[in-house]
Amino acid sequence: MNRTKFIAYRLLGALIVLFIVAAACFAIFYLMPSNPAQYSCGKPCSPDRLAEVERYLGVDQAWWKQLFDFLGGIVVGRDFGSGAAAIHCDAPCFGYSFRLRDSVTTLILSRLPVTISLTLGAAVLWAIGGIVSGLIAALKRGTATDSVVMGAAITGISAPTYLLGLLGILLFGFTLNVLPIGGYVPLTENPAMWAFHLILPWIVLAIANGAIYARLTRGQMLEVMSQDYIRTARAKGLSEPIVIGKHGLRNLVLPLTTLFAIDIGGLLGGAVITEKVFGLGGVGTLLLEAVSNLDIQVIVGVTLFAAAIVIIANLLADLSYSVLDPRIGARR
Amino acid sequence: MPAVSQGPAERAPAERTRRDSVWTRLRRSRAAMTGLVLVVVFILLALLAPVFSALTGNSPFAYNPDLLGPDTAPAGPLGGISAQHWFGVEPRTGRDLFAIVSYGAQVSLLIGLAATVVSIVVGVIVGLVAGFYGGFADRLLSRLTDVIFGFPFLIFAIALSATVPASVPRTLLLILVIGFFGWPSIARVVRSETLSLKERGFVRAAAAQGTGSVRIIVREIFPNILATIIVFTTVSIPGKIGAEAALSFLGVGVNPPTPSWGRSISDAISWVQVDPMYLIFPGMALFLVTLGFNMFGDGLRDALDPAEARSESAAAADPMSAGGQP
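These protein sequence lines map, in sequence, to chains D and W.
Per this note's numbering, residue 1 is the first one in the first sequence, and the count goes up by one each step.
Per this note's numbering, residue 1001 is the first one in the second sequence, and the count goes up by one each step.
Calculated directly from the structure, the hints in this document are not laboratory data.
Just so we're clear, the structure is a prediction, and the values are computed from it rather than from any experiment.
Check the hints yourself; a few may be wrong.
[As the list claims (entries may be wrong)] So the derived label-pair ranges between C-beta atoms look like this:
no. : chain 1 : residue 1 : chain 2 : residue 2 : range
1   : W       : Gly1135   : D       : Leu254    : 41 to 51 Å
2   : W       : Thr1024   : D       : Ile199    : 46 to 56 Å
3   : D       : Trp63     : W       : Leu1110   : 33 to 43 Å
4   : W       : Tyr1133   : D       : Thr175    : 34 to 44 Å
5   : D       : Gly151    : W       : Val1214   : 44 to 54 Å
6   : D       : Gly151    : W       : Pro1070   : 38 to 48 Å
7   : W       : Phe1222   : D       : Ile312    : 33 to 43 Å
8   : D       : Ile199    : W       : Tyr1133   : 32 to 42 Å
9   : D       : Leu15     : W       : Ile1043   : 46 to 56 Å
10  : W       : Leu1048   : D       : Leu15     : 30 to 40 Å
[Said to hold, decoys possible] Rough simulated footprint, nothing fancy, chain D against chain W, three-plus residues with beta-carbon under 8 Å:
no. : segment
11  : 1262-1273
12  : 1290-1299
All C-beta atoms in this analysis are idealised placements derived from N, C-alpha and C, irrespective of residue type, glycine included.
Just chain D, same shape as in the assembly:
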């Protein structure tokens, strides 16, 4: 019963945050001095045509009506224009690109497989690599192994992904000529080529992010292992693997789950930098293309989509707490 209430609270909270973020996006991007119709008008833009576009987009309306249309579009879909020229945009409508003649939702969905492939593959690598190396460093605290792992971690954190990516392309692509320098092959088309093209981006993303996990894991593990109950467990005569596995590792689950959920959520909204470096046409590239074409509906749509994914990821992390840690649901 309490857990149901906890979940309901969190769901409601996430919905409110989602609403606030959508309203904020609307306010920032559509109510600013720059006229969104100007961007959609094309060149040359005569005053007559501008007025027509304004009417078509609905930006000649009062701001509250625009906000209502904008939010309504997300929930039930909306129509742009009227009569024969009307364009229907299905729910959830994050906007409509008049340049690409497609709804932003469709555009995002068409790019999403690339971003998902990139993110999930890298996430598996960095979670395993980061946590294992962090554990090793913690258990061998103060030794040369510890120094090497932590040295590698601070290097990984300090090196920007695009620098790692470009150096990787230079080394493995151009000099050694063993890996492709970019591009994407759909998984459904050729799984081997899919992985072959993604291996370098995966590794680059995994180094940059895994370093953070290694540091977090080591820090948390050292903290936990200095607690009294660990000493008690050892004094009871439990073997070291059981002390570490059952009493130590368990405490890492919560902080790592949160970080993992947020990181994956953040990347699914567009792994902008890695996609650009490796020429992967994912959601991040969609955003960059929209920026260079000033396709404002796409810009706003992708921003909202990315925010929504992060909020949902946060919600899932919160909900997984009540499963992982029974105390959380019960206390409320």
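With chain D's structure known, arrange chain W on it following the hints.
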């Protein structure tokens, strides 16, 4: 009165020995000292950029087409390195790469440091208010902190810099945007420290004497969280520098011809095979200054509070956003 007036007098000598021991511990850490040296080198590079420019006669804006080969790549080995052009020249334009990197250091450090100040000021105020007053203010601010913390910073910054009118100065826009999204992590830490300090004897004593709440915050609580703020400031800087470079890399940072490491690295993509040095110099500059601040920040945290350092070491690893590198 006696309880409070004794406070600072009692603490003063302890404060001094503590500062001495902090410096001793810092000096003993080779990593922290390496980091400090790197940071100082880059600050000098930024400050002395005009001096170097005057000495060598190279400006970051002057084109030198005569130094380029027929394919517009720099003539000569290693990107055209010479006694006159220490880092070689830029492909296609022949501009001096050392001048670009040193003036780029000015842009990078200016935006990085100013954005850090913005987020530390906002974060400390939010944290102090939420922690000290509690209740509705705390709930509202904590919720806001959660929202900003989980916001896809990079996506939003890209969208914003594409739509903000050109009349807004880019540098200012970048400082504000990067600074604004950086405050939640410091706000959380300051809030939790304020919460525990609020219950301590000397704060309750001050409150019992009828000291105003603003005065308690400024005189009693703030000095006790100063060490945390200093550590946080140091570990926040590399993330901010990286954010500027990332935005410039993506083409939505500082406008050309103002030099920026991020933009140089982005331009280097199409030259990476012909002229890798064009990637190496700006790339290494960005990497080394980030590494320097990270190493110094880690050392400073260990020196200021060795016990706490372990548990927090990772939490502040990436202060720019909740997520890792995209």
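Quick rundown of the hints versus the structure:
no.: 1; hint: W:Gly1135 - D:Leu254: 41 to 51 Å; verdict: violated (27 Å)
no.: 2; hint: W:Thr1024 - D:Ile199: 46 to 56 Å; verdict: holds (47 Å)
no.: 3; hint: D:Trp63 - W:Leu1110: 33 to 43 Å; verdict: holds (36 Å)
no.: 4; hint: W:Tyr1133 - D:Thr175: 34 to 44 Å; verdict: violated (60 Å)
no.: 5; hint: D:Gly151 - W:Val1214: 44 to 54 Å; verdict: holds (45 Å)
no.: 6; hint: D:Gly151 - W:Pro1070: 38 to 48 Å; verdict: holds (44 Å)
no.: 7; hint: W:Phe1222 - D:Ile312: 33 to 43 Å; verdict: holds (38 Å)
no.: 8; hint: D:Ile199 - W:Tyr1133: 32 to 42 Å; verdict: violated (52 Å)
no.: 9; hint: D:Leu15 - W:Ile1043: 46 to 56 Å; verdict: holds (47 Å)
no.: 10; hint: W:Leu1048 - D:Leu15: 30 to 40 Å; verdict: violated (54 Å)
no.: 11; hint: 1262-1273; verdict: holds (count 6)
no.: 12; hint: 1290-1299; verdict: holds (count 5)
Checked against the numbered hints given earlier, the structure breaks hints 1, 4, 8, 10 and satisfies all the rest.
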